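Whole structure, please, built from the sequences with the hints as guidance.
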Amino acid sequence: MPTTTLTLGRALNAGMRRAMEADPKVLVMGEDVGKLGGVFRVTDGLQKDFGEDRVVDTPLAESGIIGTAIGLALRGYRPLCEIQFDGFVFPAADQIITQLAKMHMRSRGSIRLPVVIRIPFGGGIGAVEHHSESPEAYFAHTHGLRVVACANAVDAYWMIQQAIACDDPVVFFEPKRRYYDKGEIDETAPLESALPMGAARVARAGTDLTIACFGPMVKTALEAAAAAEEEGRSVEVLDLRSLSPIDYPALFDSVRRTGRLVVAHEAPVAYGLGGEIAARVTEECFYQLEAPVIRVGGFATPYPPARLEEHYLPDLDRVLDAVDRSLSH
Amino acid sequence: MSISTSNAAPVSGQASSAAAPEPEELVQLLTPEGERREHPDYPLDLSPEEIRGLYRDLVLVRRFDTEAVFLQRQGELGLWPSLLGQEAAQVGSARALHGHDMVFPTYREHGVAMCRGVRPEQLLELFRGVSHGGWNPKEHGFHLYTIVIGSQTLHATGYAMGIQRDGRVGAEGEAALAYFGDGASSQGDVNEAFVWASVFHAPVVFFCQNNQWAISAPLAKQSPIPLYRRAAGFGFPGVRVDGNDVFACLAVTRQAMRAAREGQGPSLIEAFTYRMGAHTTNDDPTRYRLSGELEEWKLKDPIERLRAYIAREGLAGADFLSGVDAEAEELGEQVRRACRELPDPRPMEIFDHVYAEPNSQVDEERERFAAYLDSFEGAEHEGDR
Numbered sequence: 001m002p003t004t005t006l007t008l009g010r011a012l013n014a015g016m017r018r019a020m021e022a023d024p025k026v027l028v029m030g031e032d033v034g035k036l037g038g039v040f041r042v043t044d045g046l047q048k049d050f051g052e053d054r055v056v057d058t059p060l061a062e063s064g065i066i067g068t069a070i071g072l073a074l075r076g077y078r079p080l081c082e083i084q085f086d087g088f089v090f091p092a093a094d095q096i097i098t099q100l101a102k103m104h105m106r107s108r109g110s111i112r113l114p115v116v117i118r119i120p121f122g123g124g125i126g127a128v129e130h131h132s133e134s135p136e137a138y139f140a141h142t143h144g145l146r147v148v149a150c151a152n153a154v155d156a157y158w159m160i161q162q163a164i165a166c167d168d169p170v171v172f173f174e175p176k177r178r179y180y181d182k183g184e185i186d187e188t189a190p191l192e193s194a195l196p197m198g199a200a201r202v203a204r205a206g207t208d209l210t211i212a213c214f215g216p217m218v219k220t221a222l223e224a225a226a227a228a229e230e231e232g233r234s235v236e237v238l239d240l241r242s243l244s245p246i247d248y249p250a251l252f253d254s255v256r257r258t259g260r261l262v263v264a265h266e267a268p269v270a271y272g273l274g275g276e277i278a279a280r281v282t283e284e285c286f287y288q289l290e291a292p293v294i295r296v297g298g299f300a301t302p303y304p305p306a307r308l309e310e311h312y313l314p315d316l317d318r319v320l321d322a323v324d325r326s327l328s329h
Numbered sequence: 001m002s003i004s005t006s007n008a009a010p011v012s013g014q015a016s017s018a019a020a021p022e023p024e025e026l027v028q029l030l031t032p033e034g035e036r037r038e039h040p041d042y043p044l045d046l047s048p049e050e051i052r053g054l055y056r057d058l059v060l061v062r063r064f065d066t067e068a069v070f071l072q073r074q075g076e077l078g079l080w081p082s083l084l085g086q087e088a089a090q091v092g093s094a095r096a097l098h099g100h101d102m103v104f105p106t107y108r109e110h111g112v113a114m115c116r117g118v119r120p121e122q123l124l125e126l127f128r129g130v131s132h133g134g135w136n137p138k139e140h141g142f143h144l145y146t147i148v149i150g151s152q153t154l155h156a157t158g159y160a161m162g163i164q165r166d167g168r169v170g171a172e173g174e175a176a177l178a179y180f181g182d183g184a185s186s187q188g189d190v191n192e193a194f195v196w197a198s199v200f201h202a203p204v205v206f207f208c209q210n211n212q213w214a215i216s217a218p219l220a221k222q223s224p225i226p227l228y229r230r231a232a233g234f235g236f237p238g239v240r241v242d243g244n245d246v247f248a249c250l251a252v253t254r255q256a257m258r259a260a261r262e263g264q265g266p267s268l269i270e271a272f273t274y275r276m277g278a279h280t281t282n283d284d285p286t287r288y289r290l291s292g293e294l295e296e297w298k299l300k301d302p303i304e305r306l307r308a309y310i311a312r313e314g315l316a317g318a319d320f321l322s323g324v325d326a327e328a329e330e331l332g333e334q335v336r337r338a339c340r341e342l343p344d345p346r347p348m349e350i351f352d353h354v355y356a357e358p359n360s361q362v363d364e365e366r367e368r369f370a371a372y373l374d375s376f377e378g379a380e381h382e383g384d385r
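Which chain is which? The protein sequence lines are A and B, in order. Sequential numbering from 1 applies to the first sequence in the UniProt record's numbering. Sequential numbering from 1 applies to the second sequence in the UniProt record's numbering.
What the hints contain is simulated information worked out from the structure, not anything from laboratory work. You may find that some hints are simply not true.
In silico lysine to aspartate or glutamate, DMTMM-like type, Cα no more than 20 Å apart, as pairs [what the hints assert, rightly or not]:
1. Lys138(B) / Asp321(A)
2. Lys35(A) / Asp53(A)
3. Lys182(A) / Glu223(A)
4. Lys25(A) / Asp166(B)
5. Lys219(A) / Asp321(A)
Everything numeric in this text was worked out from a predicted model, so none of it was measured.
Following this line, the structure appears as structure tokens:
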């Protein structure tokens, strides 16, 4: 199998390029995505190769990006929008929530809006305010949207193509502090051979406890599982990948085998996805659970200044602490 | 009192709520008295048949709207936003469109909808609560009603960018028409749509029905300058037209749409009109405006002036006028019947069309809810719902 070594960011670029080559209706649009190639260079070179009509440097207004993307989708295009940073999506929240998510139902199925919204998310890069947030729960709570998060280069390459091919709007979260993590990708494989976008993936098999996580936390959870192994604990890491809908059969299967669940995300624990997951797992796996579901994540505070983020973000030790609390039951 | 155009904005509460435009600012081809005027920039040559057609449109649209208000009062509709007074703005602009053009309405464009072939009962579905949208937009070149104020102006602009990418700008080209109101002119989305349309030179026309009131907020709360002049700041032409003059609305929209189709970019039309009724059937305009204002605007009624013109010019006989009235009455009856016959949706339809593709979350809840419904004694099978 011929593979190429790509960073997560380059894998996204290669995936977008392949989708654009396959379908002339795919457009890239956003702030600074053209000549500059995006602030993270994820769209680097696309405008040079596909032209300004297909890689559109937009005016600086997020609602305008999503609102015009909806109009382009109504005309038969498949817009792939970049929101520059997580904390800048909110000016577009109205178009995403009131229009993009609801137009298919409003039209009783006659309108399809295959719009993808790429959002670099999460902290850990020493950034200023609004550049380190994890707003996935807002969108997961908006039905009509699909919400996914990639965790590694391989998933980035395939999932971005699957999101573009999806006939429903997809909010696509990219772990910005993992943009430079590398993976081996077989670019010759057909898209159909990839794990479906809606499926969770066992990133590491284990028998004593499951950590459910996504995006940037997958790497942290894998490190925690490796550390736990040294203490004789076998921890399974489940990369959820799809946040709406969640692949509950895979999650329940894992929890039924291990009997214990820790949910880890960077977003605040309070009112976050972990709460929803804990409730569903409790409903469905009550008699297999050996301990209450433990959540580990951000605090019920706004994201702190960068010099404090190492305390705010759930790191290896905080995840291991959650693992210990579960195992001590 | 004319709208202040100085930099000093009117002090809150002091500005007139229905400031009259400067006479030279207003494109008018038919006076309130029903006299024809010529305008050097907007020549209009209509056959008697076309004029009779516009009259019929106006009367039918008003009759439909009146019936819908009645239906709300009878409890058949949850709500109705009446277009009373805005018939000429809607019919005039709608009749300027080609079949391939695409319209992006607010929730009050019943007259435009009828001109685009949407059936009256389809317009009632949203307001009766049987669906969120009663027609297929592609079949009519008429998008679904948008309730969030101003959102559709961006959709129209994006659609127009699609027209450009499809190579459909030119002599036989297509364009988009976005409706919005004076209140919406304050929304960020409308201003972003202006920026996008201007920067990308998109084939879109923005048609603002300035009906003077955003529920209870007068125009002065939205803008100290005439709305059409805002276009200049965005870099495209703006024009104010007598919104109660169906000829002027037709001529001005024709020209703007032609320019957009041919690649001359966007423009803004401000149709200066008046919302003669309440914002919706839930509203009580006597709390915030004087009846004298309404009486003044009644003298500028869009239908009366055309009827006067037709009579003066002898373009139709009494038979035609009474024939249209009879047709309108028939429409009223038909709408009444069709409204009551609109079937209630089945409970399980809640889950239909949330997603275009299969979705495990929705599927799971659908199954559970069906089982719940089936758990009642004597319940029919889920498949029947």
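**Message:** Checking one constraint from the list: CA of Lys182(A) to CA of Glu223(A), max 20 Å. Satisfied?
**Reply:** Satisfied, since the Cα-Cα distance of roughly 16 Å is no more than 20 Å.
**Asked** Straight-line Cα separation of Lys219(A) and Asp321(A) no greater than 20 Å?
**Response** Holds. Lys219(A) to Asp321(A) sits at ~16 Å (cutoff 20 Å).
**Holds or violated: Lys25(A) to Asp166(B), with C-alpha atoms at most 20 Å apart** = Satisfied, since the Cα-Cα distance of roughly 10 Å is no more than 20 Å.
**Request:** Given the hint that Lys35(A) pairs with Asp53(A), test it: the Cα-Cα distance must not exceed 20 Å.
**Result:** holds (13 Å)
**Request:** Verify the proposed pairing of Lys138(B) with Asp321(A), using a straight-line Cα cut of 20 Å.
**Result:** Roughly 56 Å separates the two Cα atoms, so the pair is violated.
Hint 1 from the list above is the single one not met by this structure.
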